[in-house]
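Novice: Letter by letter, the chains look like this.
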Amino acid sequence: MSRFENGCEEERGQAAAYVLSALEQREAERYREHLDGCARCAAEVARLQPVADSLATSVSPVVASDELRASVMARVRSEAELLNAAGA
Amino acid sequence: MPRSKRDVDLSPAKLRKLADEELMELVSRNEAAAFEIVLERHIDAAFSLAYRMIGRRALAEDVVQEALLSLWRTGARYDRSRGSVRNWVLGIAHHRSVDALRRDGVRTSKDVSDEGLGERLEAPERTDAEAIRREEAGEVRSALEELPAEQTRVIDLAYFGGFTHTEIAAMLDLPIGTVKGRMRLGLEKMRGRLSVPEAVE
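Taken in sequence, the protein lines are chains A and B. Under my numbering, the final residue of the first sequence carries the number 99; numbering is consecutive throughout. Under my numbering, the final residue of the second sequence carries the number 218; numbering is consecutive throughout.
None of these hints come from the bench; they were simulated from the model. One should not assume that every hint holds.
[Claimed, not checked] If the Cβ cut is set under 8 Å, some of the chain A residues that face chain B in the computed set are: (1) Q25; (2) D64; (3) L66; (4) A75; (5) S76; (6) R86; (7) L94; (8) G98.
[Claimed, not checked] Derived Cβ-Cβ restraints for the label pairs, each shown as a range: (9) D190/B - A96/A: 56 to 62 Å; (10) E44/A - R158/B: 33 to 39 Å; (11) V74/A - A93/B: 36 to 42 Å; (12) S212/B - E38/A: 30 to 36 Å; (13) E44/A - G194/B: 19 to 25 Å; (14) A148/B - E92/A: 35 to 41 Å; (15) E35/A - S28/B: 44 to 50 Å; (16) T144/B - E35/A: 37 to 43 Å; (17) A57/A - G194/B: 21 to 27 Å.
Since this is a predicted model, take the numbers as computed values, not measurements. Quick reminder that beta carbons are idealized off the backbone N, C-alpha and C, glycines included.
My request is simple: use the sequences and hints to build the entire structure.
Specialist: If you want it as structure tokens, here you go:
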């Protein structure tokens, strides 16, 4: 497979696999570190990330249950009270 | 319920007028009422994604609950330069769904289309914004479906199925490089179709 020419050893498809969450966890962590030092890969991820993001919003809409809303908000409110009482 | 000192400014009517980014600032100060509006705006999208990926209502609900609580707890880390709140929420929901799929091995028995009608709960089209979103969703679906089938397949297995490139390569009996190459070509082509704006750096 063709590789980038700036000395980067990553496969060209690595950014695509990364934005699709197709890397193993450890591989993804390593690639994230690589992105800090490789402008070429970082640019590739920046190009492809919005496409992956658009997939998230392309699914058939279903409504979350009232129980789910209530259960999340009950936890949030109780944590907020604790934090505010602690003066956080 | 004890009232915090800022409650006066935080009626739901006022909060609803705020943009997500402004609400997240309040969330980073532990304002539950502000979080409730963020939740109202994005919970259906997050649940739709988790349900599409996991295919089981109860497990998808667990995943969305975890994702939203993580959003609440790490709200201070939201950085608006890195994208919209919606994409951030959906990113967390996606990540958690992938974890659940890999951890619980629920993939073998899921089949969304076979679930009872009572499970389908289609969302009504309530607002203009919702109608626009549906249109955009349709465009993304077409862009994905119109790719060569081999590209649609690997993108679908990775993004919605939570499979790694190694698993996909084994499943399709292909070299890993080919799988990644198809992912890249497919995403590039979709990008062209969807006229995605250049990333702001």
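Novice: Under the constraints set out in the numbered hints, which ones does this structure not fulfil?
Specialist: Of the numbered hints given earlier, those the structure breaks are 8, 11, listed in rising order.
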